[in-house]
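S.K.: Given next are the chains, with one letter for each unit.
Protein chains: 2
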Amino acid sequence: MNRKALFQLIKERKSFLCVGLDPDPARLPKHLGEGPAAVYRFNQQIVDATRDLCVAYKPNTAFYEAMGPQGWEVLHATLEYIGDDHLKIADAKRGDIGNTSKMYARTFFETLHADAVTVAPYMGEDSVKPFLDFPEKWVILLALTSNMGSQDFQFTPQEDGQPLYAKLMTKAQEWASPDELMFVCGATHPEKFRELRQLAPDSFFLVPGIGAQGGDLAAVARHGMNDHCGLLVNSSRGIIYAGNGEDFAAAARKSAQELQQQMVTALATYLP
Amino acid sequence: MNRKALFQLIKERKSFLCVGLDPDPARLPKHLGEGPAAVYRFNQQIVDATRDLCVAYKPNTAFYEAMGPQGWEVLHATLEYIGDDHLKIADAKRGDIGNTSKMYARTFFETLHADAVTVAPYMGEDSVKPFLDFPEKWVILLALTSNMGSQDFQFTPQEDGQPLYAKLMTKAQEWASPDELMFVCGATHPEKFRELRQLAPDSFFLVPGIGAQGGDLAAVARHGMNDHCGLLVNSSRGIIYAGNGEDFAAAARKSAQELQQQMVTALATYLP
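Protein sequences appear in the order of chains A and B. If you use the numbering used here, the first sequence corresponds to residues 1 to 272, in order. If you use the numbering used here, the second sequence corresponds to residues 1 to 272, in order.
Just so you know, the hints here were simulated from the structure itself, not pulled from any lab data. Take the hints with a grain of salt, since some may be wrong.
Among the chain A residues that face chain B by a calculated CB cut under 7 Å, a handful are [stated by the list, open to error]: (1) 63; (2) 100; (3) 107; (4) 145; (5) 153; (6) 155; (7) 157; (8) 160; (9) 216; (10) 260; (11) 261.
C-beta: ideal position from N, C-alpha, C; glycine also.
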């Protein structure tokens with residue numbers, strides 16, 4: 001899915017919501033049973049309940065790896081179940097030396113048919129480039145993450161006074177165009193979105209941190225939206241664990257709908 | 001395996017060699033056949049041929065993930081096959097927000113029974129800490145990696161003039177002791193090992209970049225060894241692809257032996 005097609009979806013669905021599919025076996029509704037099959041049923045029902053409200057799904061690989069080999073079957077089946085009308089993001093935060101990153105890229109893009117993969121930047125250009133060799137696929141590079149630990153290194157001023165995340169965003173745009181590269185920018189730093197948007201005017205940002213982590217959607221939209229929207233706002237726990245009884249899917253839909261309604265307003269207000 | 005036990009192994013085997021088990025299906029000897037079973041046979045024979053020459057094995061998860069769900073079975077079986085007389089390092093370069101890093105930590109330490117996992121530092125303290133909650137398990141944090149891309153961000157001077165890797169190594173030692181934290185320091189920067197050792201006098205360094213990547217073992221040992229040896233020097237491709245015929249295991253042994261012989265000399269010369 002290219003940038004134009006993604007923007008088209010956003011306009012059609014009046015939504016820039018990404019639903020994070022991070023199923024913790026310990027938190028699934030009891031009536032679904034246990035084990036990988038229960039996780040798959042959970043994902044199917046979450047997807048069915050939210051399809052028309054979002055433009056992307058983002059399974060975090062940690063939750064699938066934790067189930068052992070069958071977890072990878074569930075991840076594969078879930079991505080297949082989502083189909084082609086959503087951007088499918090493998091939240092894997094991979095990154096290694098060139099020949100190894102190439103193996104990861106093949107896994108996520110060719111075997112699992114994900115559209116995008118999150119990549120950790122610490123190892124630099126040759127750890128990122130192999131993910132860029134796949135047409136119409138996306139790298140989503142960690143820039144300013146939503147967690148407390150973002151304070152440790154990402155904000156550190158470099159010799160020229162710029163923080164590390166700014167250097168990184170500038171540098172990475174020499175490697176790839178906004179048609180193949182997005183950045184992770186956490187909603188827990190809403191005051192930074194004006195600056196982040198200046199650093200990468202045309203890029204899409206994947207924005208975690210709304211909901212359980214306390215980020216501010218309106219502020220993100222006000223400062224972060226560009227003429228292609230340029231935002232994919234993710235919510236994981238706030239949606240998938242909105243309920244934990246037999247009506248969990250309806251509760252998830254309600255929670256997703258609340259965010260989508262805020263997005264209708266944001267798009268009407270801030271899309272140029 | 002704790003630091004004392006690791007040092008004991010190093011003295012017994014006169015080796016600080018780590019063998020990287022990164023099996024690329026396209027490069028396996030033809031007579032082994034194809035698919036995950038062939039990879040497992042390959043790993044078994046490499047392990048059998050090198051057991052007495054090394055103190056650690058390091059499978060890189062990328063090569064197992066690329067095989068799909070069965071790849072995780074092979075990784076699990078390989079770690080089990082190695083047994084308890086070597087440090088088992090899952091080279092995964094993971095790192096995510098706290099609740100997600102916790103899932104990864106459980107996978108590698110509890111499900112796969114690895115002794116150590118490599119962790120990417122960009123997301124800071126709360127992305128690393130969950131890996132530290134497991135007694136006698138190790139975090140091996142990326143500090144100065146062996147690839148070209150290490151130039152992009154790791155060497156960047158911070159406001160105080162120190163490069164990022166130095167800030168990171170200093171900071172990370174506030175989170176964990178040398179009994180639970182190692183650093184990845186690439187052998188492709190041998191001139192840096194004096195400084196790296198000053199930054200973390202008591203820590204073990206996992207040192208990739210010997211062999212295929214061109215690093216210099218003698219220089220690393222001269223500048224990097226401490227009173228617990230403090231070095232695990234890894235070779236992957238240089239050992240496992242030393243031959244590609246029916247005698248591949250013998251060729252791997254020969255290649256491992258050459259490195260181990262250099263280590264006998266290095267230990268006799270530089271161990272205080």
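S.K.: So, for every hint listed, does it hold in this structure?
M.R.: The hints, checked one at a time:
1. 63: holds (6 Å)
2. 100: Interface hint status for residue 100(A): holds (5 Å vs cutoff 7 Å).
3. 107: holds (5 Å)
4. 145: It holds, given that the least Cβ distance between residue 145(A) and chain B is near 5 Å, below 7 Å.
5. 153: holds (6 Å)
6. 155: Cβ of residue 155(A) sits 10 Å from chain B, so the hint is violated.
7. 157: holds (4 Å)
8. 160: Given a least distance of 9 Å, the restraint on residue 160(A) is violated.
9. 216: This hint is violated: residue 216(A) lies away from chain B, its Cβ roughly 18 Å from the closest one there, beyond 7 Å.
10. 260: violated (24 Å)
11. 261: Hint violated; residue 261(A) Cβ to chain B Cβ min 26 Å, cut 7 Å.
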